[in-house]
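Let chain A serve as the given structure and place chains B and C on it in line with the hints.
Protein chains in written order, with our numbering: chain A, 1 to 204; chain B, 1 to 253; chain C, 1 to 846.
Do not take every clue at face value.
What the hints assert, rightly or not - Derived contacts from chain A toward chain B, CB cut-off under 7 angstroms, selection only:
hint, residue
1, Leu38
2, Gly73
3, Gly82
4, Thr83
5, Leu84
6, Ser86
7, Gln89
8, Phe92
9, Leu140
Unchecked claim - Here are some chain B residues the structure puts well away from chain A; computed CB gaps all over 12 angstroms:
hint, residue
10, Cys19
11, Thr21
12, Arg37
13, Lys63
14, Asn64
15, Arg67
16, Phe120
17, Asn121
18, Gly168
19, Lys172
20, Tyr175
21, Ser176
22, Val178
23, Ile208
24, Pro209
If you're looking for bench data, these hints aren't it; they were derived computationally from the structure. We put the CB at the ideal spot given by N, CA and C, even for glycine.
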Amino acid sequence: MDISRRDFLKISGGTAVAAGAIGAGLTPEEAAAKELELRTKGSTETTTICPYCSVGCGLIVHTKDGKLINAEGDPNHPISEGTLCSKGQSLFQIVNNAKRLIKPRYRAAGATEWKEVEWGWALDEIAKRVKDARDRTFKLTSKSKVKEKQPDGTEKDVEKEFTVNRTDAIAHVGSAALDNEECYILQKLLRSWGVVYIEHQARI
Amino acid sequence: MGRMSLLVSPELCIGCRGCQTACKEWNQLEGEKTENRGTTENPPDLSPNTFNKIRYVELPSEKNPMRLLFVSQRCMHCGDAGCMKICPAPGALFRTDEGAVAYDKDKCIGCRLCVTSCPFNVPRYDAQNKISKCHLCADRISQGLTPSCAKTCPTGALRYGDRDELLGLAKKAGYSKVYGEKDLEGLGAVYAFTDSPKIYGMSDSPAIPEAVVFWNNVLKPLSYLGLAGVAAAAVLHYVAFGPKKIEEVKKDE
Amino acid sequence: MTNHWVDFKNADVILVMGSNPAENHPISMKWITKARENGAKLIVVDPRFTRTAAKADIYAPLRSGTDIAFLGGMINHIVEKNLYFKDYVVNYTNAAFLVNPEFKGPGELNGVFSGYDEKTRKYDKKTWSYQMDDKGIVKKDFTLRDPNCVFQLLKKHYKRYSIDLVSSITGTPKEKLVEVYDTFASTGRPDRAGTELYAMGWTQHTVGTQNIRTMSIIQLLLGNMGIAGGGINAMRGESNVQGSTDHGLLFHIIPGYNPVPSATVVDTAAYIEKFTPKTKDPRSVNWFGNRNKYLISYLKAIYGSSATKENDFGYAWLPKLDEGMNGSWLVLFDKMFKGGFEGFFAWGQNPACSSGNAGKVRTALSKLKWMVNVNLFDNETGSFWKGPGMKPEDVQTEVFQLPAAVSVEKEGSITNSSRLAQWRYKSVEPAGEAMPDSEIINELRNRVIMLYKKEGGKFPAPITNLTWNYGEKDADGKVVKFNIHEVAKEINGYYLEDIYDKTQTPPKLIGKKGELCASFVTLQADGTTSCGNWIYSQSYTQKDGKIINMMARRGKDDPTGLGLYSGWAWAWPVNRRIIYNRASVDMKGNPWDPKRAVIKWNATKENPATKKPGVWEGDVPDGPAPPMADEKAGKYPFIMRADGMGALFGPGLADGPFPEHYEALECPLQENPMQPGHRVNPTIKLFYATEGPGEKAKEDGGLPEDIFASCDIRFPYVATTYRVSEHWQTGVMTRHLPWQLEMSPQQFVEISEQLAVELSISNGEKVIVSSARGKVNAVAMVTKRFQPFKVMDSTIHQVGLPWHFGWQYPEDGSSGDSANLLTPTVGDANTLIPETKAFLVNIKKA
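In isolation and in its complexed conformation, chain A is listed as follows:
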């Protein structure tokens, strides 16, 4: 974990008063901490919805100096009422995680390692491949069987050419973790390229 490990007692230690115990006629343990400071003091709060299962629990996210420092249940949320399971409760560790991908990577054909690359290069290369595959494989028409009425009144399967305007060379799977708006523009974009092999988590 690359999170800076902050011990609550370090944060609060300054105010944990142990009092001049004996002089005051108290044993030290009776001298209570009067004021302990929350580690979220002075942070900004935003609300979010848990990214794991589909209950849709609410969280409050605490941020300070551009860092997420805490995330816990939103007590005003009517479904979860401030509660969370272990997954929702660990949102902090998804955001602050040394294993996160933070730079695009590329693996060439036959390569044995990943190589970090620039966004612009990666996106340009993907766009080229999409266009190349699409243009080479694009089907304006394709054969389908249809039932056609025969002069004698019966129906017969006939194979005919129909407009399809698609590519069968590209497939896409995912993503049930994207926001609605992202899902919408993603399907819109894929279908504009003529992609029909589109699947996601609903199927598995």
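Positioned in the frame of chain A, the structure of chains B and C alone reads:
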């Protein structure tokens, strides 16, 4: 303010362990390297990075394959706390206004006497040899917030509130045994049981070792007069447990 | 979900079957616990004694894959003992409908319904039809006595599901069956409510759709659909699998569950003709009669002003499937395996672990020219080329791995299981160079369109005509500052012209040009409205000129006390919280149970829309029409169905109008105990050829990757996969979190104490679990949670494994690999959802 406490109701717990993660999140405790030992229960024990955990208790059942109980294991915040009684370092362990047994790591001298004096085997020591255990989120409760574990609990298996009210609640709900109501001057984590405490992995009548009581009442006040922390600890240790080395005490845990 | 999470508290009986909420939807247990505190009974039916079962009032074990037998027995019990809710069944379901006398069931035809063709493995559904009167309306017998009425056919079909037979199939003790049946059937009264919660435990079977259908029949018989504390509730697995399905990220649907057009549906007129259900019954609302408005408004949303009447709104630009072409998951990866794709996007998904028969998927990935993998973390899909058994030097697939932002690093909405769309705010900047998915999509769009503008290319019209008005643009038309709110508005839809309600005189203005649509009720079929997804119309709307993001609302009023929270966020359709709620009232509009009134007809209060007395109170009703007792204006309750009735008889499915028990493709039985003719669902797509009765795998019947083994001594144990509370899906988003990994660090297999003795395996010991397709290492968890089943007089052992693990992380390989290396290539007859919940394995010491 009346004394505050936790009410633990294993019958309501679903074993989701939101409380385990909530504790680690708020207190920023590291995840441990563990392995599957043939049980869902993990980490295997309390540790400097694990202040609370769910114990999975499997019992025979007549109508089902088993009776599966989920029991929250953690500091009990005893009214009469063995750890506080024995602690020779002024201010290292202290009781908060709400009644929690909290600690100040800067003042802990690493003597580990609290370990041996705890009837529930709770305190652990971190890599810096400082006490680590549940402090009932002393920072949160001092600001009127709920401890992280209880706040996150979806079913009310962990509840935080006025101790008398929680006791009333447990009794009204018809639990046959409210564990910790009177023991050790009342625990700060009371349990609503439908069976004998042993079933849940708890001792029937938790008690502080006799020697600790003796130390606290007779010798400890003297020590404040003449001895600084570490030396006091040595004396205390000798008196309470005889000429055993601290390391041995640790091994005996 | 027909109902919603908080609504669980309103139930008297909760049946958990095909799911495990304590582990996979833990917060739902808050409301289940609340129900129990109010005296509700929780029933858990599961092969394994789960954490949910630990809380149950009744736990009943059943062998994986026998849910229809279990529930078929319940239907028989309900009908034979007259435990059904008669008024509801007669008036709100198709029980009284008279079926074609030539219709025959599997009891008469040795395992199949009438119309089966063995060659095509398909049904000709001609006989699954109704008798019509001369007005074209279905003939009915409200006494339910006609031998051809649905009710009598249902009774006949399920009479075969006796307690004795069911018990010998499911392995559930008889007394448990009766206890469950009686307890759940106790809700067949107006003042009792029973709900059912399911998840992948029901869908991931070759009979998945029919599992759910069986329960729908039960809920209709008991009058539990549409009421508070009732319904059938699919608890979905991911935070936005509901939304991503709503928005058509699937081969067969475009947004709003409109079918993807096939090639033979040549224009919008043909589309509307083909996909608009028809009814001649004036009392049926037949909501999908509006399909034309939704299709045209969608085309206007995606092609904007380029979509004109003259060019048929750009319909030709939509890619079309060949007639009968299937692009679903298993087919897709089969095609990939055979080298059928050049490029592949795995966007926020890890098929190398999540797919049924994941080993085949891993090989398939190596046949690609290039792959784009967008994720938060590296995963088994992105790094497949260095996975077990791969020689990177030999793998010619180029892989681009793009870092995506976490949910709190961007803004947008997600839709939970109860169709509730909730807005999320951005709290921090994306880590490192990670980008929100929307921006990655935007960048890809820009780059591809620039290439077409620069170089030209094949059929660029759908690309160049695609609307992309999502923020400030530069000179090239590239959106430089992507604004997600503009997308949300496009989804909601706009009035492109002033819209009038022409049924009123003079016509009344209902929508002002340029404003956001009020709801899908105002959408038009003539190109004067745009709407990206009709079911989301009203989610980002405009009232009195003011723009309102309904999904961001935080109102907490709960006037009914039922927990509808209608002011919190926004639920589709039109903020209805319980769908089919018109069935929660009697014919006069009074709630069946006044204590749990979801809606109520107030005959005296003035309706603000019509200015006449008579208005619904409570939840948003399923249509504004007055109650059914109003013979002129009253409408049937199930408005999404062409006949307006709840379907006891369901002729729409591929595998029969009544659910029938068939064994899993891999099952331990030689023969289906229901009948000797068909062991497995006769309409499933077989990826591996079979021979002889009982669907044995044929020698050289296909790819070795697709082989299956049924009733095979080499793989004697039934296995199932599942999830645990501490992990999520393939574990990419939990294995990487030390807090989650520490609680469940390694692949395990749960096995009964009895089986452990037979195999001399002790608890915690390392074992190898193998199937006909692959093997995984696991830690044996020897437990009472699994008990051997008594099935057809023999003992059958079942084991179970979670599917959260993978070789890629932890990097030391300590977690083991995916349980999906074991699962077969076969899917449900209707959805092709892979059968990962019942298959056969062997276990031996590692």
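The hints, checked one at a time:
1. Leu38: Where the cut-off is 7 angstroms and the nearest Cβ of chain B is about 6 angstroms from A:Leu38, the hint holds.
2. Gly73: OK, holds: A:Gly73 within 7 angstroms of chain B, min 6 angstroms.
3. Gly82: 6 angstroms, holds
4. Thr83: 4 angstroms, holds
5. Leu84: 5 angstroms, holds
6. Ser86: It holds, given that the least Cβ distance between A:Ser86 and chain B is near 4 angstroms, below 7 angstroms.
7. Gln89: The hint holds - A:Gln89 has a Cβ within 7 angstroms of chain B, the shortest such distance being about 4 angstroms.
8. Phe92: A:Phe92 check passes; min Cβ-Cβ to chain B is 5 angstroms, inside 7 angstroms.
9. Leu140: 54 angstroms, violated
10. Cys19: About 8 angstroms separates B:Cys19 from the closest Cβ of chain A, which leaves it inside 12 angstroms; violated.
11. Thr21: 4 angstroms, violated
12. Arg37: Nearest chain A Cβ is 19 angstroms from B:Arg37, so the label holds.
13. Lys63: 28 angstroms, holds
14. Asn64: 24 angstroms, holds
15. Arg67: Check passes; 23 angstroms lies beyond 12 angstroms.
16. Phe120: 18 angstroms, holds
17. Asn121: 20 angstroms, holds
18. Gly168: 22 angstroms, holds
19. Lys172: Holds, since 22 angstroms exceeds 12 angstroms.
20. Tyr175: 22 angstroms, holds
21. Ser176: Correct as stated: the minimum Cβ-Cβ distance to chain A is 27 angstroms, above 12 angstroms.
22. Val178: 24 angstroms, holds
23. Ile208: It holds; B:Ile208 is separated from chain A by about 14 angstroms at its closest Cβ, greater than 12 angstroms.
24. Pro209: 18 angstroms, holds
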